Amino acid sequence: TGRSQEDALHVAIVSKGFQQQFWQAVKKGADAEAEAHDVVLTFEGPPTETDIEAQITMLQNTVTRHPDGLALAALDSRAAARALQEAQAKGIPIVAFDSGVESDIPVSTVATDNAAAAREAGKHMAELVGGEGQVGVIAHDQVSLSGTDRRDGFIAGIEEFGPQIELLPTQYGEGDQAVTANIARAMVSANPELKGLFGTNEGSAIGILRGVQESGRDDLAVVGFDSGRAQVEAIRDGEMAGAVTQNPVAMGRITVQTVLAAIRDAQVEPMIDTGFLWYDADNLASDEVQEAIYL
Amino acid sequence: MSTTTTATAADQERQSARRGPSWRSRLQQMLAAGTLVLIFIAFSIASPEIFPTWGNIVTILYSTVVIGLLALGATFVITTAGIDLSVGTAMALCAVMSGLFIVNWGLPVPVGILLAILFGGLVGLVNGINVAILDLPPFIATLAMMMVAGGLALVFSGAAPIYFEAPSYMWVSTGSLIPSVPNAVLVLLVGAVIAAVLMSRTVLGRYTMAIGANREAAELAGVGVTKWLMIVYTVGGLFTGLAGVMISARLGSAQPATGMGYELDAIAAVVIGGTSLSGGRGTIVGTMIGALIISTLTNGLQILSIPQEWQDVLLGAVILVAVFIDRLRKRSGRTS
Amino acid sequence: MSTTTTATAADQERQSARRGPSWRSRLQQMLAAGTLVLIFIAFSIASPEIFPTWGNIVTILYSTVVIGLLALGATFVITTAGIDLSVGTAMALCAVMSGLFIVNWGLPVPVGILLAILFGGLVGLVNGINVAILDLPPFIATLAMMMVAGGLALVFSGAAPIYFEAPSYMWVSTGSLIPSVPNAVLVLLVGAVIAAVLMSRTVLGRYTMAIGANREAAELAGVGVTKWLMIVYTVGGLFTGLAGVMISARLGSAQPATGMGYELDAIAAVVIGGTSLSGGRGTIVGTMIGALIISTLTNGLQILSIPQEWQDVLLGAVILVAVFIDRLRKRSGRTS
Amino acid sequence: MTLEEHDADPGHGGGADPELLLEVRGAVKKFPGVRALSQMDLDLRAGEVLALVGENGAGKSTLMKLLAGVYSPDAGTYRYLGRPLTVNGPRDAAEQGLAIIHQELNLMSTLTVAENIYLGREPAVARFLTRPTRLRAQAQELLDRLGMNLDPMAEVSTLSVAQQQMVEIAKALSYDARVLIMDEPTAALNERETESLHELIRRFITPTTGVIYISHRMEELRRIADRVQVIRDGEYVDSLPMAEATLEDVITKMVGRSVDTGTGPRDVRTGRPVILEVHGLRSEPRVKEATFDLHEGEILGLAGLMGAGRTETARALIGSLPRQAGTVSYRGRPVQFRSPAHAARLGIGYLSEDRKQLGLLLDHSVQRNMELSALSDRFQTAGFVQDRASHDAVVDQSRQLRVKTPDVAQLVKNLSGGTQQKVVIGRWLLKDCDVLIFDEPTRGIDVGAKEEIYELIDELAAAGKSIIMISSDLPEVLRMSHRIAVMSEGRITGVLGAAEADQESIMALATAETEAAVSTDVTRDERTDSIPTDDRTGEQ
Ligand SMILES: Nc1ncnc2c1ncn2[C@@H]1O[C@H](COP(=O)(O)OP(=O)(O)OP(=O)(O)O)[C@@H](O)[C@H]1O
Ligand SMILES: Nc1ncnc2c1ncn2[C@@H]1O[C@H](COP(=O)(O)OP(=O)(O)OP(=O)(O)O)[C@@H](O)[C@H]1O
Ligand SMILES: O[C@H]1[C@H](O)[C@H](O)OC[C@H]1O
Ligand SMILES: [Mg+2]
Ligand SMILES: [Mg+2]
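Chains as they are written, first to last, in the numbering used here: chain D, 1 to 295; chain P, 296 to 631; chain U, 632 to 967; chain C, 968 to 1507.
Since the hints were made in silico from the structure, they are not lab data.
It should be emphasised that the depicted structure is a prediction, and the values quoted were computed from it without experimental measurement.
We put the beta carbon where it would ideally sit given N, CA and C, even for glycine.
Hints should not be assumed to be uniformly reliable.
[Claimed, not checked] The list that follows gives simulated cross-link-like pairs (lysine-lysine, DSS-like), each with its CA atoms no further than 30 Å apart:
| # | chain 1 | residue 1 | chain 2 | residue 2 |
| --- | --- | --- | --- | --- |
| 1 | U | 858 | C | 1380 |
| 2 | C | 1371 | C | 1220 |
| 3 | C | 997 | C | 1380 |
| 4 | C | 997 | C | 1371 |
| 5 | C | 1380 | P | 522 |
[What the hints assert, rightly or not] Distance windows between CB atoms, simulated:
| # | chain 1 | residue 1 | chain 2 | residue 2 | range |
| --- | --- | --- | --- | --- | --- |
| 6 | D | 159 | U | 739 | 36 to 46 Å |
| 7 | P | 429 | U | 739 | 48 to 58 Å |
| 8 | U | 749 | C | 1351 | 56 to 66 Å |
| 9 | U | 688 | P | 429 | 29 to 39 Å |
| 10 | C | 1431 | P | 329 | 52 to 62 Å |
| 11 | P | 496 | C | 1143 | 55 to 65 Å |
| 12 | D | 217 | P | 340 | 53 to 63 Å |
| 13 | U | 810 | D | 105 | 21 to 31 Å |
| 14 | U | 672 | D | 90 | 46 to 56 Å |
| 15 | P | 413 | U | 810 | 55 to 65 Å |
[Unchecked claim] A partial selection of chain P residues facing chain D, derived with a Cβ cut-off under 8 Å:
| # | residue |
| --- | --- |
| 16 | 354 |
| 17 | 358 |
| 18 | 449 |
| 19 | 495 |
| 20 | 496 |
| 21 | 550 |
Build the full structure now, drawing on both the sequences and the hints.
Have a look at this one:
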């Protein structure tokens, strides 16, 4: 607690979330890296990605704790500004991750290009449904960047690669599997022409999968985002067409590396793209996919 | 508000006065049922070829199961003039426990399910002890439990979902003992019947209402209030446990992070159904109707693909109207 | 619940019998305050060089502002034996309105702020009408409003945050009229003083308690219950509006999707502070202490970098203990 | 007084009589299934106290609630001070000079005495900023004027039922009323308080004011009333000057049959074993040292002034209040009743003095209320409620007690005050207890029904049940009790045998200052000859 082992470095990560698998995967990578350099690491995130004030309070409390380095996945990049200035004033190096911060304070940004990743998903969806029919999106969040970037990225992909496709109004399921499943069922029965559904994060993807299964349709193309065991298995078994995954474990690892580098005033890349990658039954076994996905 | 005793109140009761509670609650249910039918007709007109189909009705019923089970338990607690905010996260905790029992400990599915339900009862019992013995306000006692249960769900699961292998577990929710009726719907039905019997035909039901109507009076009349309050919260917990099993069976995994927010839906279902938060009167049929009103509305609005932000607005508005209709009767007799 | 009047109440109140209510609530506050001090000392021992510093105390106070303001409003509503679940999303709606007024319509900052606060009052008034005139149960009326307000926040903002450009707006929260004391903290302080005066020195406060203690009796005594209930909910709404301004000023943007869940924290603060959900008694000082207990706990646990899943567990547990201590006195006069 | 010339034709005294404060003709008020008032007439003359009597459910309170603007009438003409009376709402009535003290308490328990009295009229700057000191002074002045020693700053929840009744009275008198309506104001008061209330009324009465006084205590009517009006089943029966009225024919007019009022208790067959023995019971702050015993088949009266601690003694005994000291032995075996439920399981039932707060489930039906105590041992098998059995038993009991209700599904809150009291009594009669503690059992019950309840209690005793009867109504205590224990300031100051007991000896003990310990022993010894088996012998 506090700074008990005076010698060890203290790195604090304030993330967008804590409970979702994605964030647990980030934590996993970060923990491993911290382990390797015997660094004391803390990892926190608000219960939902709408609890912006809660995140700011966490950030403030963390800064008060005065760690040696700090990484932040900001829910709202501007909201963090004041706390970030405080940190800077205290000489705490800051790294942004998962999505950028509109500020020049972070020495580096370790992130996924959510829009590009979702656009990739859109491209594959267009192919899967043969460029026609109805396609729908169930997003995990209506406001936060990760939600909107993916929604819009996917839509862009569809419009580019399947201009004939009719896009249904996007629905939002809070990334809650049961809620999303109910929405999916409703969309399926409401739209006979429905050919495919895209879920913008793990919870959304699984929810869609369940909803589609429950309504007894096996001809729908379900495309997901992120990985996680349920999704990976569904893709292996052909229940899901495929998904775009980020590389959260790497994201965590690299984030910690970058923070440590910054603490040591070493040169750090201002922009590190942890990349994303489409995976489906065909390339699932490949090393790069296996390395990227988390279970 | 159970001091509703003076003349004005009396006047309000005009209409229902001498038919007594049984009639009264029946009337209340009829009104709620009326609202449900109205909603159903409205949507059927709006989308005739999709909404009223059997397939979609099953969808609605299926989406009612979890909230419905939670609401059944909540009905007992609320009838004692209490409240249980912990049902959401406690449900998640029970799902996790079910995962631990069946997946990690490798207990046979039926045993694991039973233990998970009992674990829900245990959580309820703790709430009951806090409320009945430590005399804490139910709202705060169960709010605290909401936090504790949510945290424990993460702790016990290592903040990771637990995936069920045994298909027999999923079958509990998705299978169909009766063709084209998912088992989950049967479970809800059975749960409702049991709850209805408990509430209207057993000593438990009588004491639940008596405690809600006037705790001190019940106490002095020789009712073991402390004991019965604990039993009531335990019963509530058992339904929560069952809900935990059903949701994890539906998803094929125990999701430690879900559940938050379900408590309000459950309470809403109970109150829309005509059970009063000031206690003393509880109707299981009403609760079922209340839960159906919510899920039917949600489903219908999604079928019509109303933009999400408007869905919430409409949902809220309709709930207001539903409850207002139910209130009209009482107000009609008012003076002053 | 509100039947807990006369004799048994009398029995429980023995100790304070002759000293009257003022003494009673003071005692209650002292107990809550005691818990707060205890918590503070505990954390100060656990982390002597970080927790008790002025910087951290400011952090705690700062993180209390929004919940504190919501809790102040809620205290009035709860004292009438009502409840307001809409404060969370209504706060978001008011923040969005503030954004519309100032950013989109380009109104001067002070005007925009004033209008946003008044808009909160309007939302409260609607709640008041639903409760007082349509006679809907407060829980359900405000639950519906929670949904409506949440939806409207998204509609009006186009489901996107509205960013404030004018630094003067952020200054309202982050500036420091008094060196090293953020304005937000001052606003909370002023709000608390106003609330305290309203509650203890005006007929509004008197009638608020009277209605909560025995609505029909108040009616018989000639108190315009309908009117005053609407006023009370409006006052609650004004505080919600102010909270909306303060949170958006802190974040530099109006976040339409935020707010859900704040209502429970606010109510918890009120109840931990010693205001009873069964109405008739309200203490502003208590509410402030309750809010501080919550934010101090959260801060302390994070300072000690307790693993997050355990933070909730501990938070819940401590809340239980805090309320239990406060209850002990009452129980001392009780058996069963 | 000039009333004689009028009451020749009371019902039809010409409209514009200057002497008439109130004039009601053909008042009608219906409730579903109940015609509470039909063709009710009433005259109130300047300077008189009019006693309004009638059985439980006759329509007294309903009539008063019409006058006080609580109910709106269905028919009838109402004149006040010679002009047609129109009231909208209770407050308006009060401001027109029609002040009422309702049968049921209507106080805000978390507010102070002063705040309750002046609620809605409190001194305030700009009608918004309250002025606590001013309010306190005002209330203090009022209470002093009325000679009530109540602390204006005391929270009402800390007051006894009796004290709360005084607050209601003070509230009513704080308006300068022309007409003061008192609906059973003395039901919760004992002799002394009743006397001081009567004193207040006498001071209130001037040639321009009048009082309508409802009570079931016939003996007190003669002391305070100038004229008595009898009503039955919502209809005017007769009105006559108190001077000319004999108790018997008033009662006969009331109940439509003659009631022979019993005298003194049925003699207990002596030598019965002690069933309950209480020694040195202490329950702070109100019970210091209660020692008494109860024999099988005995009716033990428990008398005392308000605040004597009788209620607390009973509640501490059954475990609903904490005990600091004392031993209880039941059937010769020492026991500690943990809770009323525990006591009930062992066959001891307690009927509270406060039916509204501690007795009734107001929003529930007569059946649900009456079946409650007996549910577990009479109306269930394996946890399932035998609704038929319960229904029939309740119907039976209601008939016995003459519970005035359309049917047992009626909500209790719709019953008249006295009828409600019968319901709670019925609850305990349905459960087969060996020891019954009745706290003010006949509070608000009409004379006819009182006698029936006395009969019932006598029969219970004759059947071997043991009864403790707490009552502030001395004649009642004397009428019922085989022995009378008297409490003063939390101590049993003496136990009197039926023979030696009379109003004086009881009052002496009730006001005895606390050399209690001694006096208790004294009376113990002298009791041993009045009743051979006292506790010591009882133990073997
Ligand atoms: N609000 C109500 N709804 C239905 N019935 C009512 C209502 N109020 C009174 N009654 C009925 O009207 C009749 C007269 O009641 P009321 O209270 O006037 O009798 P009362 O003369 O005051 O009796 P008591 O001496 O017991 O007080 C009773 O039968 C009662 O049940
Ligand atoms: N002076 C007092 N101050 C506070 N509480 C009182 C006072 N007198 C009575 N009470 C309360 O009133 C209730 C009725 O009991 P009480 O004290 O009158 O004793 P009692 O002997 O039963 O007298 P009674 O039965 O005539 O009211 C009890 O709950 C008691 O706590
Ligand atoms: O930011 C997003 C994150 O990349 C992961 O996909 O989970 C949903 C959001 O938290
Ligand atoms: Mg009456
Ligand atoms: Mg008493």
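Now the hints, each set against the structure:
1. The suggested pairing of residue 858 of chain U with residue 1380 of chain C holds, with an alpha-carbon distance near 27 Å, which does not exceed 30 Å.
2. At most 30 Å may separate the alpha-carbon atoms for a hinted pair to count; residue 1371 of chain C and residue 1220 of chain C meet this at roughly 18 Å.
3. At roughly 16 Å between alpha-carbon atoms, residue 997 of chain C and residue 1380 of chain C fall within 30 Å of each other, so this suggested pair holds.
4. Distance check on the hinted pair: residue 997 of chain C and residue 1371 of chain C sit about 15 Å apart at the alpha-carbon level, within 30 Å; holds.
5. Straight-line distance between C-alpha atoms of residue 1380 of chain C and residue 522 of chain P comes to about 28 Å, which keeps the hinted pair within the 30 Å bound.
6. Between residue 159 of chain D and residue 739 of chain U the C-beta distance comes to about 42 Å, which sits within the given range of 36 to 46 Å.
7. The beta-carbon spacing between residue 429 of chain P and residue 739 of chain U, approximately 53 Å, falls within the hinted interval of 48 to 58 Å.
8. Here the CB-CB span from residue 749 of chain U to residue 1351 of chain C is close to 58 Å, well matched to the stated 56 to 66 Å.
9. Evaluation of the 29 to 39 Å hint for residue 688 of chain U and residue 429 of chain P yields a pass: the beta carbon distance comes to about 32 Å.
10. Checked against the hint of 52 to 62 Å, the pair residue 1431 of chain C and residue 329 of chain P passes, with Cβ atoms roughly 56 Å apart.
11. Between residue 496 of chain P and residue 1143 of chain C, the C-beta spacing of about 57 Å keeps the proposed range 55 to 65 Å intact.
12. Restraint check, residue 217 of chain D to residue 340 of chain P: a C-beta distance of roughly 26 Å breaks the suggested window 53 to 63 Å.
13. The hint said 21 to 31 Å for the Cβ distance between residue 810 of chain U and residue 105 of chain D, and at roughly 24 Å that hint holds.
14. For residue 672 of chain U paired with residue 90 of chain D, a C-beta distance near 26 Å fails the hint of 46 to 56 Å.
15. Take residue 413 of chain P and residue 810 of chain U: their Cβ atoms lie about 59 Å apart, and the range 55 to 65 Å holds.
16. At its closest, the beta carbon of residue 354 of chain P sits 5 Å from a beta carbon of chain D; the interface hint therefore holds under the 8 Å criterion.
17. Because the smallest distance between the Cβ of residue 358 of chain P and any Cβ of chain D comes to about 4 Å, under 8 Å, the interface hint for this residue holds.
18. With a least beta-carbon distance of about 6 Å to chain D, the hint placing residue 449 of chain P at the interface is held under the 8 Å criterion.
19. Here the hint on residue 495 of chain P is broken, as its CB sits about 30 Å from the closest CB of chain D, past 8 Å.
20. Taken as an interface hint, residue 496 of chain P does not check out: its beta carbon lies about 32 Å from the nearest beta carbon of chain D, beyond 8 Å.
21. Contact between residue 550 of chain P and chain D, as hinted, is supported at the beta carbon level, the nearest pair being about 6 Å apart and thus within 8 Å.
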